[in-house]
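The lines below spell out each chain.
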Amino acid sequence: MDFTLKIWRQKDAASRGRFVTYHLEGISPDCSFLEMLDILNDQLVQKGEDPVAFDHDCREGICGACSLYINGRPHGPDDAITTCQLHMRRFRDGDTIVVEPWRAKAFPVIKDLIVDRSAFDKIIQAGGYISVNTGGVPDANTIPIQKEHADIAMDAAACIGCGACVAACKNASAMLFVSAKVSHLSMLPQGKIEAARRVKAMLEEMDRLGFGNCSNTGACEAECPKQISLSHIARLNREYFKAILG
Amino acid sequence: MSVLNAKIPSGPLEQKWSYYRAHQNLVSPANKKKLDVIVVGTGLGGASAAASLGELGFRVKAFCYQDSPRRAHSIAAQGGINAAKNYQNDGDSVYRLFYDTIKGGDYRSREANVYRLAELSGPIIDQCVAQGVPFAREYGGLLENRSFGGALVSRTFYARGQTGQQLLLGAYSAMMRQVHLGTVELYTRHEMLELVVVDGRARGIIARNLVTGAIERFSAHAVVLATGGYGNVFYLSTNAMGSNATAIWRAYKKGALFANPCFTQIHPTCIPVHGEYQSKLTLMSESLRNDGRIWVPRKKEDVEKIRKKLIRARDIPEEDRDYYLERRYPAYGNLVPRDVASRAAKERCDAGFGVNETGLAVFLDLSDSIKRLGKKVIDERYGNLFQIYEKIMDENPWENPMMIYPAVHYTMGGLWVDYELQSTIPGLFVLGEANFSDHGANRLGASALMQGLADGYFILPYTIQNYLADQIKVPRISVQSDEFALAEKQTRERIERLFSVGGKTPSERLHRELGKVMWEYVGMSRTKEGLEKAIQMIRDLRENFWKDVKVTGSNDELNPELEKALRIADFLELGELMARDALHRNESCGGHFREEYQTEEGEAKRNDQDYMYVAAWKFLGDDREPELVKEDLEYEFIEVKARSYK
Ligand SMILES: Cc1cc2nc3c(=O)[nH]c(=O)nc-3n(C[C@H](O)[C@H](O)[C@H](O)COP(=O)(O)OP(=O)(O)OC[C@H]3O[C@@H](n4cnc5c(N)ncnc54)[C@H](O)[C@@H]3O)c2cc1C
Ligand code: SF4
Ligand code: FES
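In order, the protein sequences belong to chains A and B. Each number in our numbering corresponds to the 1-based position in the first sequence with 44 added. Under our numbering, the residue at position 310 of the second sequence is numbered 293, and the numbers go up by one with no gaps.
So here's chain A without its partners, still in its complex pose:
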């Protein structure tokens, strides 16, 4: 398969970026999207040109490192997968593919397609945990948890922290990400104890870091590779009202 790629190139945070066009030929449909970029980079390096920088690590949809805004969609045209799980068979021979980094105030570009997502870590630092130290905890089976609740907690905990929700949102809000953690922990008896403090601290930190507000457009849910549902945002809102009223 042959492709025309329009890729965002930006030397570093301080420089201005621009699109550069590349042509690739003879790509196998079974090639993954990132392997296609590997092939491009192999050619660029052989020519002595600077290869395209992008984040990636596990290449199986779980670490959350890969990002990329492909033809106007975070993680590309397929639903419920990450960019590293996207394969070229999903495109048509001869297609032009536009590749950009996540764009959000809280995620500044570092180079080419790589952005700085450390704001997510900061939100977790503010309260995305249960405050227990190592040791001295009760036997695991002394805390029975209704299966349905554990399942909802797991649905929420499946978030990989990729940031697609922020990239998809016109306000660049991190609400889906924050709600996934709040929801995960507030569904569990262990997590309820600090629920009020947690939700307030995480939302405050989110605002402080320059993420926008949530206006319930649902773009985040549509683009989330792990199908984190808007119902978690609803739960976060309930937790928040409980916290400020209680």
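Hints were generated in silico from the structure; no laboratory data involved. A quick note: this is a predicted structure, and the numbers were derived from the prediction, not measured.
To give an idea of the chain B side of the interface with chain A (calculated C-beta under 10 Å), a few residues:
#1 Ala59
#2 Ala157
#3 Thr221
#4 Asn222
#5 His257
#6 Thr265
#7 Lys374
#8 Asp377
#9 Ser490
#10 Val534
#11 Glu540
In silico BS3-like links for lysine-lysine, alpha-carbon gap of 30 Å or less:
#12 A:Lys55 to B:Lys547
#13 A:Lys214 to A:Lys286
#14 A:Lys50 to B:Lys487
#15 B:Lys601 to B:Lys(-10)
#16 A:Lys55 to A:Lys166
#17 B:Lys359 to A:Lys191
#18 A:Lys166 to B:Lys16
#19 B:Lys547 to A:Lys166
#20 B:Lys15 to B:Lys(-10)
#21 A:Lys166 to A:Lys149
#22 B:Lys547 to A:Lys50
Virtual Cβ for every residue (Gly too), placed ideally from N, Cα, C.
On the provided structure of chain A, position chain B with the ligands as indicated by the hints.
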């Protein structure tokens, strides 16, 4: 008498760890904050250690090469974590987990370490639940278990197909809490490139800031490496793209012994290789063997038709299928350990029964279970794995059995550590997959997560104090010493040397070539001739690398090409050590299979007389052969037997 002293506490097996703790030195709360610890790696081993040390009051600096500690490759573990809770009342116990692990490792691990691991397995689950890890539960609200290979009990705890993710997020959040409290300082996108040893003690590291390219010095009273496995020496593996050996390799070159480098785990159930451009291999969790059956056609005609896609797997009647694991190992069936399952798959494929175009695939068939339990139950257990498979293979695994083949997955070898997890360099501790402890010549499924967390939550935070207790008078270590300056200079020179080669070939291509040699000669089955050849080929590749590699850009920027080249340069040295270790071990044991040493039935044949030891290698210089140092393994408590799963 071993030359290496593992410092195993005396006394009965069940009391060694409590005896150790009762007699070790501790550091007072007031002194803890005067002591710095560097933790390199934020996977299960590193994150749990950093969090626990921070909670105790030590000053921790934590490093990872990813943009967030949550992306360490532990995140990718799918199937589960073992613990001898006996919640299922099926006869499990600490002793049984200990025994299964020693036997699974083919009697090449230390009794005392493994017993402690089994003892700590229960508290790990308690800890994780307290942190909010959403393990699978029964309708009654209690925890559910599944079975893994090499065991006759159900002791594996899991969170759908994302157990590693959930455990890591637990450890990560505990660590983030400490970052918030100011005890842990986080250095993401930092790659350790050198260890700094001052007066014989590990005192710091040189790391490259991957965003700016700055070469930075960091000092501490002790250094902990938890940098994961080195399976990427094979190029294709289930490891992450960035997984590397650099941290432990640099420590080896600074004097830490490297133990059992050739003990590599080839995992039986991975998605088969399908193209030259392929960058990595994807695991299909061993847990699938709970509900799946592995087979190939019995008749060659059917094999031909399957390969030509004239028929599908389901068209082959039951009597024409060869469930070869059930046939060869009736007692354990599809749940034999990984080394056994991998070799059996290779045996069938070598005999011409492989089921895809390349002839290198077998079926993993869940259709019986889907029929019996319904799609919903299977989807709950393995849904994400089915999705991963479908995306890569473009085939619906609900309708056709999966095709799988063995792939490099885990490295049992690593830096040698004693009972305290301390390497041969005082003050250098090694955790998780980066050390060699506990798994012998083959690791049982769901035991790496257990080991990483045991090391980080429950072992290191104690044992490191035994070392730090006499360091309380040592002031904060300065980074201005000659040793730091020299280590920094060496690092800069290595980088400059890479740029100055000015060759034509991207490093990735050279890595791929190394991988081919490793897979062919140092992979699933090895011979004397093959290994000798491999050593020569790896040397040639290395020479070629330093003549022909092309690294673009400069040091002073974010430069993935430089990052790769630095890692590959180290793999090119490590590969040779692995071949050398495999060549010296004239026996087959666990994942190390030497064709010359097998039983008539094709099973691994150990030689306990001559090889019941840990082979630890000591670096003597780039142009000298390393020295072999042995730690004899003594089995005081269990009877050493031939390993049988029949
Ligand atoms: C696909 C897959 C599935 C698995 N499934 C299971 C399972 O179900 N059950 C089980 O028990 N085990 C499983 N394993 C094995 C297990 O996941 C690993 O052995 C374990 O998680 C390793 O943890 P770790 O903390 O040692 O290293 P890792 O999690 O690999 O972490 C390494 C850390 O070191 C850092 N690092 C590495 N090099 C450097 C450097 N030079 N400088 C700075 N930082 C560095 C990285 O950034 C990272 O933070 C699986 C493994 C894989 C690959
Ligand atoms: S909520 Fe979804 S899109 Fe947002 S970070 Fe998590 S996984 Fe990514
Ligand atoms: S590279 Fe890990 S999720 Fe894509």
